[in-house]
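Student: Chain by chain, the residues run as shown.
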Amino acid sequence: MHMADALVAPAVAGTMYLCSAGAATYSVKKVRDMADPKKIPVMGIMGAFVFATQMINFTIPGTGSSGHLCGGMLLTGLLGPCGAFLTMISVLLIQCLLFADGGLLALGCNVCNMAFYGCFIGALIWRLFMKGGMTRGKIIAASIVGSVVTLQMGAFSVVIETLASGITELPFTAFLLAMQPIHLAIGTVEGLITAAVLSFVYSARPELLYCSDTSASENRLSVGKTLAIIGVCAALIGGGLSLFASSYPDGLEWSVERITGSTELDAEGSIYEAAGSVQETTSLLPDYAFKGSESAAGTSFSGIVGGAIVALVCIGGCTAFRFYKKAQTA
Amino acid sequence: MRGTMKNKSPMSKISSAITEIQRIEDLQKRDQWLNRIHPLVKLACTCFYIVCLVSFHPYDIQGVLSMGLYPLILFMAGDLSITDCLRRVRIVLPLVCLIGLFNPIFDRTPMLLFGFVVRAGFVSMLTLILKGVFAVLSSYILIASTSIENLCYAMSLLHLPGILITEILLIYRYVGLLLSETERITQAYSLRAPGQKGVHFKVWGSLAGQLLLRSMDRANDVFDSMSLRGYSSDFRYIKQYVRWRPSDIIYLALWCAVFLFLRNFPLLLLVGSLFI
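In the order they appear, the protein sequences are chains A and B.
Going by this note's numbering, the residue at position 311 of the first sequence is 311; the numbering climbs one at a time, nothing skipped.
Going by this note's numbering, the residue at position 60 of the second sequence is 390; the numbering climbs one at a time, nothing skipped.
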């Protein structure tokens, strides 16, 4: 899933570098705050370990094929999200330089697709499972679920980044259908291998695992902070990438244009006119721009505002749902 | 995240990785003019080249072809082997080709390419592949002429966090060691399990787990030895060996000017018009 330089446009690469840099700055600060001088050498050796063990073929029973270790989830299970993230960045950079696995320009994308999801989202899943104590079953479940979920998110990001770069004519759905199922299989196998290794560590030296004691809370990444990071990333992507939004019609508009000759359908009648006037009055940013303006800043602003509104609606909806459920149980 | 259907034996894969690292280290140690250029200049040059390269329009195959000048000149002047480098392209090409292959199917607009009418999707596919190959070639020029220590020094000049640079140096320092250890383990395993492809699922955990625990212990030993040698959470890079020279600035300015020219003017067409 390492993306090559040819698969990303400079604008997409720049945006993803910014997102990755944000997460890296946060991780560096957290690791520094830990003030544990032993942490750095351990992270270095673990990076080299992941690098080396990714070359071992693990036979998948009954298939005749083999799988590999999932680096992100394994490192998260041992080092916590911030240490694991910095280690994964270093591993990806060395892989890119020494083995041409991934590109220099696409490094930001690869860090986001493999390190960010594997470490930060993986850590959230890990902590969720480890609530109330660590058991072998929980380790296996967390490893498999974590690997599958983070790989799916990574594969989805590859699709988005490649399409946003405009380098493929492949439709979104077809690309998605090609990427997601294969990564579901890869994620399951990698999750099983990660589970086997972490279970072994649990039986031999459980104190090495993340969240195995109270010190884990020092390295804790709260749900709020994770949401804040994702929010910043969304703002950057919405605000930055929307500047380069295509002026061509989208898939639906394209289909309509092919059939009718125009991207918009003319509808007549009082109901349509009334609905149109309501929409015109209420829409804050018609056609993704400021009212009466067609500037790029308006498009960019609409990306950020759109992200904020969607987030507000989601949070509002969830809060309302929680109140409703509470009221029901009371 | 690698594919699940690789059939190459683990031993040969690890051996080839070790050989590749050694080969690149040998190239980095050569006393060549390219190796003596300031690492920050080479890093900046490579990044600017890749940015210019990927910013070409998908149909601008002539523009992308003209960008081949940079690797062509440096491979020849730097005495680098193109065949050694092209082996690295095999890692990048499958995904690039897979994505590019769909372009001729979905983009059937007729287009003129070197006098032939072809599908526009075919042109964008070729452009994509060329971009992928040239980007790998330029990264290879960088790594074949610059050691990781020098690259880390260049990154420190760009104010990258010290922790990250230390991490890169440590991983690079120990990757060879752990690759050798992994090779020994897999070799010992394969000798005890002849004819078996890969590691049996019953020993998945213990095989890699043992290596992991040993690596953790090794990390503690490394930390102790580093502390005894005066380690204080930061490495002193090789500042004393790397000096700025006027030729470095000329090299950077020259290549940047060339990239900008190639990006904005159709060199191949201009040269062709002189003869036709």
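Hints were generated in silico from the structure; no laboratory data involved.
Incorrect hints may appear among the rest.
Unchecked claim - Label pairs and their in silico Cβ distance ranges:
{"id": "1", "chain 1": "A", "residue 1": "Phe156", "chain 2": "B", "residue 2": "Pro596", "range": "34 to 44 Å"}
{"id": "2", "chain 1": "A", "residue 1": "Leu184", "chain 2": "B", "residue 2": "Val601", "range": "12 to 22 Å"}
{"id": "3", "chain 1": "A", "residue 1": "Leu184", "chain 2": "B", "residue 2": "Leu442", "range": "37 to 47 Å"}
{"id": "4", "chain 1": "A", "residue 1": "Met34", "chain 2": "B", "residue 2": "Phe595", "range": "46 to 56 Å"}
{"id": "5", "chain 1": "A", "residue 1": "Pro181", "chain 2": "B", "residue 2": "Thr413", "range": "29 to 39 Å"}
{"id": "6", "chain 1": "B", "residue 1": "Leu442", "chain 2": "A", "residue 2": "Phe156", "range": "30 to 40 Å"}
{"id": "7", "chain 1": "A", "residue 1": "Pro181", "chain 2": "B", "residue 2": "Ile412", "range": "17 to 27 Å"}
{"id": "8", "chain 1": "A", "residue 1": "Met34", "chain 2": "B", "residue 2": "His489", "range": "15 to 25 Å"}
Stated by the list, open to error - Which residues of chain B face chain A? A few of them, derived with a C-beta cut under 10 Å, are:
{"id": "9", "residue": "Asn365"}
{"id": "10", "residue": "Pro524"}
{"id": "11", "residue": "Ser577"}
Beta carbons are placed, not taken as given, at the ideal position from N, Cα and C, and that holds for glycine.
Student: Determine for every hint whether it applies to the structure shown.
Tutor: Okay, the hints, checked on the actual structure:
1. A:Phe156 x B:Pro596: 34 to 44 Å: For Pro596 of chain B against Phe156 of chain A, whose Cβ atoms are near 38 Å apart, the range 34 to 44 Å holds.
2. A:Leu184 x B:Val601: 12 to 22 Å: 51 Å Cβ-Cβ, so the 12 to 22 Å window is violated.
3. A:Leu184 x B:Leu442: 37 to 47 Å: 43 Å, holds
4. A:Met34 x B:Phe595: 46 to 56 Å: 53 Å, holds
5. A:Pro181 x B:Thr413: 29 to 39 Å: Since the Cβ atoms of Pro181 of chain A and Thr413 of chain B sit about 37 Å apart, the hinted range of 29 to 39 Å holds.
6. B:Leu442 x A:Phe156: 30 to 40 Å: 38 Å, holds
7. A:Pro181 x B:Ile412: 17 to 27 Å: For Pro181 of chain A and Ile412 of chain B the Cβ distance comes to about 38 Å; the hint is violated.
8. A:Met34 x B:His489: 15 to 25 Å: At 22 Å between Cβs, range holds.
9. Asn365: 15 Å, violated
10. Pro524: Hint violated; Pro524 of chain B Cβ to chain A Cβ min 14 Å, cut 10 Å.
11. Ser577: With a minimum Cβ separation of about 24 Å from chain A (threshold 10 Å), the hint on Ser577 of chain B is violated.
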